[in-house]
Amino acid sequence: MSIKAVVKGVGHYLPKRVVENAEFEKTLETTDDWIRSRTGIERRHIADESETTSFMGVKAAQAALKMAGATEKDVDAIILATSTADLTFPSAATMVQQGLGMKHGFAFDVQAVCAGFVYALTTAKSMIESGQAKSILVIGSETFSKLMDWTDRSTCVLFGDGAGAIYLTAEENTDLGILSAQLASDGTYKDILFVDGGVSMQTTGHLRMQGKEVFRHAVEKLSQTAVDTLADAGLTPDDITWIVPHQANKRILEGVSKRLKVPMDQIVMTVQDHGNTSAASIPLALSVACKNQQLKQDDIVVIGAIGGGLAWGTAVLRW
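Under the numbering used here, the letters of the sequence shown match residues 140 to 458, in that order.
If you are wondering where the hints come from, they were derived from the structure by calculation, not from laboratory data.
Check the hints yourself; a few may be wrong.
[Unchecked claim] Ranges between beta-carbon positions, derived for each pair:
1. F228 to K397: 34 to 44 Å
2. D172 to D288: 28 to 38 Å
3. K285 to S339: 15 to 25 Å
4. I142 to Q436: 11 to 21 Å
5. T342 to Q436: 42 to 52 Å
6. M340 to D377: 44 to 54 Å
7. K285 to D377: 34 to 44 Å
8. T327 to K212: 11 to 21 Å
9. P229 to M340: 18 to 28 Å
Owing to the predicted nature of the structure, the values given are computational and were not obtained by experimental measurement.
Ideal placement from N, C-alpha and C gives every residue a C-beta, glycine not left out.
Can you make the complete structure from the sequences, with help from the hints?
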């Protein structure tokens with residue numbers, strides 16, 4: 140008897156405020172054309188004070204449960220990927236648990252920056268396959284606007300806020316679900332993407348990034364782990380129906396497309412509307428793709444992300 144973690148519902152939430160590239164022209168030495176040509180980003184959503192990471196996580200989770208025809212009573216656990224929890228502690232996941240009115244089960248955060256959702260999904264896969272839980276909400280929720288240095292034109296135009304969620308349940312003897320997953324990290328690259336604050340400095344700090352270095356590692360590592368994870372599932376890039384990657388930069392997506400020889404029209408791209416929403420970007424893109432009726436049952440879907448650490452990972456699902 141084999142048990143797999145199968146996606147039953149997806150959902151997302153985006154803050155009400157939309158910031159077009161043109162807004163940055165008022166305060167920074169940049170243009171809409173410059174941002175579009177180098178990143179593919181056209182706009183992003185920015186959270187107000189009431190739209191916290193946990194608030195958005197609740198909204199995305201409720202949408203995923205609604206699609207699945209489930210309620211919070213059906214959920215055994217919540218795993219929330221974020222680098223921007225409301226407080227140092229308790230975890231944002233427990234706040235989502237409270238927001239859903241869920242008094243049973245367990246909830247915890249996973250912090251792997253932009254790779255956080257893949258880490259959380261892989262953890263959920265292991266828990267479901269081992270029998271630790273029968274149903275898990277996996278959420279990515281971020282308010283990266285709180286980490287921006289709004290005078291740094293190389294970073295502040297790239298990021299946005301939002302949340303996405305998927306609802307996984309255990310199913311026996313099925314071909315659907317998460318087929319394989321791989322995680323990796325290398326702490327020697329800490330200085331190319333980090334936040335210059337934290338508990339030891341008693342300050343939140345700002346995001347700092349060496350863009351060219353991050354780009355190089357992103358294309359190389361996302362492509363290779365995709366090939367390796369597909370091989371673990373007995374598949375090749377030729378079997379891919381859709382790639383739903385971390386939405387950081389259009390050029391990175393084009394680089395991955397070229398390396399894997401998968402056409403761009405098989406890559407779900409939402410970066411133009413959302414910017415880089417870190418751990419929220421993959422579940423957000425999955426939810427948008429479902430809403431647009433792009434994803435269909437039996438599709439082979441590859442998700443992959445890389446973030447500060449460096450930390451990266453890929454998962455292969457049969458939808």
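>> Run through the hints listed earlier and report the numbers of any the structure violates, in increasing order.
In response: The structure conflicts with hints 2 and 8, although it agrees with all the remaining ones.
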